[in-house]
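Line by line, the protein sequences are chains P and E. Be aware that the first sequence starts at 1, since it is given in full-length UniProt numbering, and climbs by one per residue. Be aware that the second sequence starts at 1, since it is given in full-length UniProt numbering, and climbs by one per residue.
Hints are computed from structural coordinates only; laboratory data are not their basis. Accuracy of the hints is not assured; some may be wrong.
Copies of one chain are not kept apart here, so a pair can be met inside one copy or by any two copies together.
[To be verified] Pairs of lysine-lysine, DSS-like flavour, derived with a Cα cap of 25 angstroms:
(1) K66 with K122
(2) K12 with K60
(3) K60 with K70
(4) K12 with K99
From a predicted model like this one, the values you see are computed outputs, not experimental measurements.
Number of protein chains: 2
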Amino acid sequence: MPRAGLAAGSSKVDIAIDLGNPLLNRTVDGFLKIGAVGACRVAAEDAFDCLQSGSVSKRKLEQTLKKMCKEGAYWGAVAGVYVGMEYGVERVRGQYDWKNALIGGIASGALISAASDNKGNKIAQDAITGGAIATAVEFINYLT
Amino acid sequence: MPRAGLAAGSSKVDIAIDLGNPLLNRTVDGFLKIGAVGACRVAAEDAFDCLQSGSVSKRKLEQTLKKMCKEGAYWGAVAGVYVGMEYGVERVRGQYDWKNALIGGIASGALISAASDNKGNKIAQDAITGGAIATAVEFINYLT
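Model the full structure from these sequences, guided by the hints.
Below, the structure written as structure tokens:
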């Protein structure tokens with residue numbers, strides 16, 4: 001079930017959304033969690049920039065917020081597509097191994113590349129890269 | 001224990017190396033496995049290129065082989081550094097959660113960036129990106 005939470009000190013807010021379908025639930029969960037990680041990355045990077053330059057302006061804060069939303073949505077979309085694809089492949093194949101990650105990665109790579117207005121060969125290359133990255137990540141899981 | 005294998009039809013060759021130290025074992029294992037994935041990516045991409053252009057030359061094969069070695073070594077090195085770092089952090093902290101991935105990712109990002117002749121701010125940015133990617137991957141593991 002997708003959960004999003006905010007914690008400040010000892011107070012905590014938890015939101016859980018149930019969409020009544022495991023595929024949708026996982027996709028939304030992936031979007032929320034990885035989107036938050038992507039947004040945090042931008043926040044950390046821009047905070048570091050502010051520390052370096054020693055100045056904070058309203059305009060800069062607005063820019064950071066916009067960038068956080070944009071990058072968070074992108075990371076979230078990529079993760080959501082991949083998690084949904086892998087779950088779908090797992091259901092169709094009926095077993096769980098690294099080939100799910102490979103197929104899910106290839107499908108996600110092709111889909112995301114096609115959605116970014118790439119054509120022909122570039123889509124195939126991105127599909128191969130997506131499959132390779134997903135397989136590498138799956139192997140690293142078994143190692144750690 | 002690091003294992004490398006070749007399988008062709010029903011015959012299989014398995015090589016296992018024991019370096020007598022779990023940290024070294026994991027690092028070498030990560031290098032071999034992820035290096036193989038990186039090399040396969042190049043092979044698949046260049047095979048696709050050959051299919052597209054419809055021609056295979058000796059020079060092109062040599063180029064592909066060189067690129068496979070280079071990219072395999074790079075992917076392997078990145079994975080080895082990350083796996084080693086995460087294991088080290090786990091041993092030092094004494095517990096296993098997503099913070100290990102975050103710290104390991106930050107350390108690996110900084111190390112790899114420094115090794116690629118980057119300076120100052122770029123290293124810090126790469127460290128933040130490394131930490132974010134490692135955290136995102138760790139969250140995806142829990143989802144799938």
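Comparing the hints with the structure gives:
no. : hint          : result
1   : K66 with K122 : between (29 angstroms within a copy, 22 angstroms between copies)
2   : K12 with K60  : neither (29 angstroms within a copy, 59 angstroms between copies)
3   : K60 with K70  : within (15 angstroms within a copy, 41 angstroms between copies)
4   : K12 with K99  : between (39 angstroms within a copy, 19 angstroms between copies)
Hint compliance for this structure: hint 2 alone is broken.
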